[in-house]
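Undergrad: Based on these hints, arrange chain V on the given structure of chain A.
If you read the protein sequences in the order shown, they are chains A and V. Here our numbering is used: the first residue of the first sequence is 1, the next is one more, and so on. Here our numbering is used: the first residue of the second sequence is 1, the next is one more, and so on.
Hints are computed from structural coordinates only; laboratory data are not their basis.
It does not matter which identical chain is meant; a pair holds if it fits inside one copy or across any two.
Derived lysine to any residue pairs resembling SDA-like cross-links, with alpha carbons at most 20 angstroms apart:
hint	residue 1	residue 2
1	Lys-251	Glu-113
2	Lys-251	Asp-112
3	Lys-171	Asp-112
4	Lys-251	Arg-37
5	Lys-171	Arg-37
6	Lys-171	Ile-34
7	Lys-51	Pro-10
8	Lys-171	Ala-36
9	Lys-245	Arg-104
10	Lys-51	Arg-26
Number of protein chains: 2
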Amino acid sequence: MSLDTYPAFPVWMGDIQSRTEAALGRALPAAESIPARLHTAMRYSTLGGGKRVRPLLVFAAGEITGAHPDTLAAAACAVECIHVYSLVHDDMPCMDDDVLRRGRATCHIEFDEPTALLVGDSLQSLAFELLARAPHTEAARQLEMVRLLAHASGSCGMAGGQAIDLASVGKTLSQAELELMHALKTGALIRAAVMLGALAGSALSTAEHDALDRFAKRAGLLFQVVDDILDCTASTATLGKTAGKDAAADKPTYVSLLGLEGAKSFAAALEAEALDCLAGFGDRSRRLLELTAFIAHRQF
Amino acid sequence: MSLDTYPAFPVWMGDIQSRTEAALGRALPAAESIPARLHTAMRYSTLGGGKRVRPLLVFAAGEITGAHPDTLAAAACAVECIHVYSLVHDDMPCMDDDVLRRGRATCHIEFDEPTALLVGDSLQSLAFELLARAPHTEAARQLEMVRLLAHASGSCGMAGGQAIDLASVGKTLSQAELELMHALKTGALIRAAVMLGALAGSALSTAEHDALDRFAKRAGLLFQVVDDILDCTASTATLGKTAGKDAAADKPTYVSLLGLEGAKSFAAALEAEALDCLAGFGDRSRRLLELTAFIAHRQF
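Chain A extracted, bound-state conformation (with noise of 0.2 angstroms):
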């Protein structure tokens, strides 16, 4: 494709989210199919909102390996299905107790507790659904992404990163430890999200999987420090979410380890390491390289 008919990053991003917002549209229960209430609240929770930070990844990273766009759909949604879940749950009293989500009533509190336990579990069950019936893919890749997001989901990735955040709460981590508890919790499925937009398209030779990965590793980190930064300077009308609540909660944040400035020039590093990373993909990266700068200067 050549540059002039190449569609500038903006008008890109809106297309992927638009995509799969439609695809997430046909992909969840219609809200009126039985049980009714569950439904409604499942497509409350994942539909109308939110940057769609992964499935933008998902579609960057299949640029690198020329994926098809409804296999690349299918992986979308079934890592937005899980982060949607992720964010479902850690709402909830019993976690981070909060009323507001994408500028919206979080799932509880729009219905109820029980119905939001139900979101988070059916929206865990129906991406695996969705990864498994991936289309023009073979299944022997199709399997190597349901390991791949069911282990970057689990206990020994974002499951077990929340479980390290609540234990930290109120105690003094050191970068190290930080470190180690956002690349699970934030870290895995981002990465997951990079690794799967690959894996949908030709493979990669080793050199070229491993530049990907180091790659994945540092975008998810970068998403990381910028949350936090974002989470102490921009107010909960900008975010759509509460803003502070980490800081509130006396929750260990990269800001409150290396302070605002300190923070900056981390996520500035970060950003040029990642893009280090993606040096020998040419042009094919180039996706990769732009949503790698949106994430790092977004405002919100």
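TA: Structure of chain V alone, referenced to chain A:
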């Protein structure tokens, strides 16, 4: 195998239960691995108890298609992880708020609520990881198994049945409504266990598949009817979980709908129907026959 060397049912059952326990012990992360509290709680909730009815069904159905025992062990662990995750979440204060399970304190009592939430979430992820790693099977078969278990677990299966159950408290349901609820809540996973066991081996003809599926639906319903009978006739000590809690919670059961004798007659009819579905399989279905009788006549 001659009848002389064919182990008696209780011997076979004990063997499968031991194998399942050992396989789960290997599949679960070590208790001391980070995050240790989460992994300890996952092991506490999963190991050392339970009748392992679903793993028994997986292995019994696997005899019909000559499945490899290691494939069956992976499928058995996966379906048991889904079952245990559902118990851990169902016992939480926002759901059934129960303190006793398998003769021990429930997960959120022994640990805490956030840990119980993450234990359930992590066990679900682990289930799909185990299934996607099952050995001695074809990738396309494995994907079919992932789809089957994911669908049976989610909002159109087990979790959906939970949602209907929640909505039914204090209401009078018809037998058709009660059967729909249990077909999802308990039946979907029982059925998945049978079909996963069969999928782990050689292919069934369409007629055989349909006969096994009819069996599996009746076995799932039978299991629930017997559960309702035991909930009203057995003691908490015998059950290892709080007895009489459905009646106390004003939940509709087969006993409340049909009376105790009516429920017993219904169970006997279901048992006969289930056994009838197996007629075409000959000696290959011997374990499923024995297991059905066990499910129908168990005292705990």
